[in-house]
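Trainee: Sequence:
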Amino acid sequence: MRFFHILGFLAFCSVTFSSQAQIVGSNQFPNTYRMPGGYAFIEPNTDPSLKSVTEPRSVQGSPFLFEEAVPSKIIFTDSDEESIDLELNYNAYADFMKIKDEATTSSDIELLPRGWNYDILMGERRFRFINFTHNKSEVNTHVEIVETFDDGSFLAIQWSKVIQEIFPGKDRYVSSQRYYLINTDGRALQLKNDNTIIDALPKADQDKIKEYITNNNIRFTKDLRGLKGVAKYYVSLN
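In mature numbering (1 follows the signal peptide of the UniProt record, and there is no 0), the protein residues as written are -21 to -1, 1 to 217.
Simulated from the structure, these hints should not be mistaken for laboratory data.
Quick caveat, the model's predicted, so the values are computed rather than measured.
Take the hints with a grain of salt, since some may be wrong.
In the DSS-like style, the derived pairs of lysine-lysine whose C-alpha atoms are separated by at most 27 Å in a straight line are [claimed, not checked]:
| hint | residue 1 | residue 2 |
| --- | --- | --- |
| 1 | K30 | K79 |
| 2 | K182 | K149 |
| 3 | K207 | K171 |
| 4 | K201 | K30 |
Just the calculated beta-carbon pair ranges, DEER-fashion [to be verified]:
| hint | residue 1 | residue 2 | range |
| --- | --- | --- | --- |
| 5 | S62 | T112 | 26 to 32 Å |
| 6 | D64 | K189 | 43 to 49 Å |
| 7 | T127 | F45 | 21 to 27 Å |
| 8 | Q185 | P50 | 42 to 48 Å |
| 9 | P35 | E126 | 19 to 25 Å |
| 10 | S62 | D202 | 26 to 32 Å |
| 11 | E126 | K187 | 26 to 32 Å |
| 12 | T200 | D178 | 16 to 22 Å |
Backbone N, C-alpha and C fix where the C-beta goes; we use that ideal spot for every residue, glycine too.
Using the sequences and the accompanying hints, generate a full structural model.
Mentor: Given below as structure tokens:
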């Protein structure tokens, strides 16, 4: 396949540049199935059986975040390597990045390797495969980074889709998103894009956050402006 050398190169870089691979904190990167050097793992380059499982035709809607593949760049975070151009789409149902390749057959799926030494720019949006801890549970997933703060923490969205069974009728995908404030030590707070965000924050800071929301007339809208503002203010308190 024409992307085989790219997948191999990503794996090589993940091992070769391990000493500088950490962008913020080592606990933020995947540690399951980790090989020497920190590379997480490579899914099979193509697998005919994956499509029927991850893109079932019997379900109404699409498992993907975007309507079609997006011109994307693989940006290495730990080296002077040049970026790699690909066309990608994020499967929010199966949590993987699918590579668009005209050379593959319609039954094959070509996946981007999961690794922590690069970010994925999809248009103007930035994604990363990451490991973090929430409520003592470890999470390994792709997230979209929507805001980065001075202390190295960042606000991220975990996009997901599940299949809702409809009877009688056709099953369909249901979309959801979770917002996380991820610290440099790998711990995360799950936030809400509404006034209940206060409940997710430490009690010692809740009065200050409530006052900030009131004094600044914060509104929690789809553009996440209010959520970003509250998260930034909370970070400044600690």
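Trainee: So, for every hint listed, does it hold in this structure?
Mentor: Now for the hints, and whether the structure bears them out:
1. Proximity of K30 to K79 is assessed by CA-CA distance (about 13 Å); at most 27 Å being required, the pair is judged to hold.
2. The hinted pair formed by K182 and K149 fails the criterion: a straight-line CA distance of about 45 Å is larger than 27 Å.
3. Restraint check: the Cα-Cα separation between K207 and K171 comes to about 11 Å, which is no more than 27 Å; the hinted pair holds.
4. Only pairs whose Cα atoms come within 27 Å are accepted, and K201 paired with K30 is rejected, the gap being roughly 32 Å.
5. For S62 and T112, the hinted distance range of 26 to 32 Å is satisfied, since their beta carbons lie about 30 Å from each other.
6. At about 46 Å, the beta-carbon gap between D64 and K189 stays in the expected band of 43 to 49 Å.
7. Our hint of 21 to 27 Å for T127 and F45 holds, since their Cβ atoms are close to 22 Å apart.
8. For the hinted restraint 42 to 48 Å between Q185 and P50, the CB-CB distance of approximately 43 Å keeps it satisfied.
9. P35 and E126 have their C-beta atoms about 34 Å apart, which leaves the hinted 19 to 25 Å range violated.
10. Checked against the hint of 26 to 32 Å, the pair S62 and D202 passes, with Cβ atoms roughly 28 Å apart.
11. Checked against the hint of 26 to 32 Å, the pair E126 and K187 fails, with Cβ atoms roughly 20 Å apart.
12. Here the CB-CB span from T200 to D178 is close to 19 Å, well matched to the stated 16 to 22 Å.
The structure does not agree with the numbered hints 2, 4, 9, 11 stated previously, though it agrees with the rest.
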